[in-house]
Structures are given as structure tokens and as C-alpha cells.
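K.L.:
Below, each chain spelled out in residue letters.
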Amino acid sequence: GGIITQTPKFLIGQEGQKLTLKCQQNFNHDTMYWYRQDSGKGLRLIYYSITENDLQKGDLSEGYDASREKKSSFSLTVTSAQKNEMAVFLCASTSRDNYAEQFFGPGTRLTVL
Amino acid sequence: GDSVTQTEGLVTLTEGLPVMLNCTYQTIYSNPFLFWYVQHLNESPRLLLKSFTDNKRTEHQGFHATLHKSSSSFHLQKSSAQLSDSALYYCALSVGMGYKLTFGTGTSLLVDP
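Chains A and B supply the protein sequences, listed in that same order.
Following our numbering, the numbering of the first sequence begins with 1 at its first residue and continues without gaps.
Following our numbering, the numbering of the second sequence begins with 1 at its first residue and continues without gaps.
Hints are computed from structural coordinates only; laboratory data are not their basis.
Since the structure is predicted, the reported quantities are computational estimates derived from the model, not experimental observations.
There could be a bad hint or two in this list.
Said to hold, decoys possible - Restraint-style ranges between C-beta atoms, simulated for each label pair:
no.	chain 1	residue 1	chain 2	residue 2	range
1	A	Ser-67	B	Arg-46	19 to 29 angstroms
2	A	Leu-113	B	Thr-7	31 to 41 angstroms
3	A	Glu-62	B	Ser-84	32 to 42 angstroms
4	A	Lys-41	B	His-60	23 to 33 angstroms
5	A	Glu-85	B	Asn-42	19 to 29 angstroms
6	A	Thr-5	B	Arg-57	31 to 41 angstroms
7	B	Glu-59	A	Lys-18	31 to 41 angstroms
8	A	Ser-73	B	Thr-12	35 to 45 angstroms
Positions of the beta carbon are idealized from the N, C-alpha and C atoms, including for glycine.
Isolated chain A, as found in the complex (with noise of 0.2 angstroms):
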């Protein structure tokens, strides 16, 4: 088994501010992924990376960046907060297998004031 683990739990952050999120992965995986979740819009793909020095576009990659430092980890950037803005970052990682099971990190909750 394995775990993933992302910090912050909580981010509170002003207008116009750089966020970084960090996630950590202990599975040996190589593909992680970095999901928006709102309510009622499902979980929206940011940004993936399928091994270690690659990175990949989403579906929502915009007003983001993106760092796959390591193999096990993977950091997400807003690269300017937007006002009132709230959402849940999900983190998830998974096997080179083709449609193997992805595994979620606990999410960072971000709001900005």
C-alpha cells in the first residue's frame, strides 16, 4: 500500500497572490495528476505528468503552473489568485498500467478573501 499527502490543508490567500500546492506520493507511481473539484462540476483535470520530467496540460491548465520535481512529487501553482474564488485540489497518482486505478490524495481547500 501507499499513501498520498498534501500540503496545505487549508490555503487562505489574497487577490492577485501566488499559491503554491505541494503533494507527495509513497505508491513509486508514475503518473500523478492535479484535479479542481466544485460543486456540481465534477473534477476537472488541471495539469498530469506520466513520468518524471514530463508535464501535461488539462482541461483547465489556465491560471496554473505546474512542477514535477521527483518522482514522488508533483506541486501545483495558481499563478494569480482570483477573488472569492473557493475549491477543493485533489491530487491523485497512478501505475504506468493502462486504466489502472487512480489514488487520491486528502485535498488542499482553498479560498481566497
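Since the structure of chain A is already known, use the hints to place chain B on it.
P.N.:
Quick look at chain B alone, frame taken from chain A:
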């Protein structure tokens, strides 16, 4: 592009009644892989079941679903709802190399005593 439609945002039913959550998808690929993920309150999404075989029933933890390529559907069913089934259910689609999941908007299932 690929898409997943879950028509019900909220399904409320009484314990003991059957459950059916709808999921349809659109893709140009002929070999889609379909998933159901479940997210209980204050938890992360986790895989419930998955399938890529046309017209074959897949079961897990009392739930079942059958992929029907002819109607592009993968509805989730259970014969008798339990209180513990109250959760958010996501249908998801994967095609091609299988790295990327496209999620529906989710259906909240609320089971009353």
C-alpha cells in the same frame, strides 16, 4: 472532445429501494474504459468499479454496472440501497493510452432511513 454526462445531480431514495445512477459518454474511440468512483463525505474519491468489456456485468461491493457501447452507457446499479451508500458518485471515461480520465459532474446519492 471526450465527455461524460451524469444527468442527475441529486438522487434521494429510501433505504432498501434499488439504486440506478445514469452515465452516458461520448468519444470517437471504439475501445473506451469506464469507471465509477465514489466519494464519501470528508473523504477522497476511490475506485468502485471499472470495465472495458462490452455487455459484460461488472460487480463490486454490491454495486454493478454494464458497459453498453451501442448506447454509450455505463449505469451504476444496486438492488437495495443502504444508508452507508450515501455519497458522491462520479462516472469517468478513459481512452487511448489510458492516462487521462474524463469525469462527469457527479451524482449525489442520499439514502434516507
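K.L.:
For every hint, state whether the structure bears it out.
P.N.:
Hints, verified against the model:
1. Ser-67/A / Arg-46/B: 19 to 29 angstroms: The hinted range 19 to 29 angstroms holds for Ser-67/A and Arg-46/B, with Cβ atoms some 26 angstroms apart.
2. Leu-113/A / Thr-7/B: 31 to 41 angstroms: The hinted range 31 to 41 angstroms holds for Leu-113/A and Thr-7/B, with Cβ atoms some 36 angstroms apart.
3. Glu-62/A / Ser-84/B: 32 to 42 angstroms: Holds - the Cβ-Cβ distance for Glu-62/A and Ser-84/B, about 39 angstroms, lies within 32 to 42 angstroms.
4. Lys-41/A / His-60/B: 23 to 33 angstroms: 26 angstroms, holds
5. Glu-85/A / Asn-42/B: 19 to 29 angstroms: 21 angstroms Cβ-Cβ, so the 19 to 29 angstroms window holds.
6. Thr-5/A / Arg-57/B: 31 to 41 angstroms: 37 angstroms, holds
7. Glu-59/B / Lys-18/A: 31 to 41 angstroms: 47 angstroms, violated
8. Ser-73/A / Thr-12/B: 35 to 45 angstroms: 41 angstroms, holds
In summary, the one numbered hint that this structure violates is 7.
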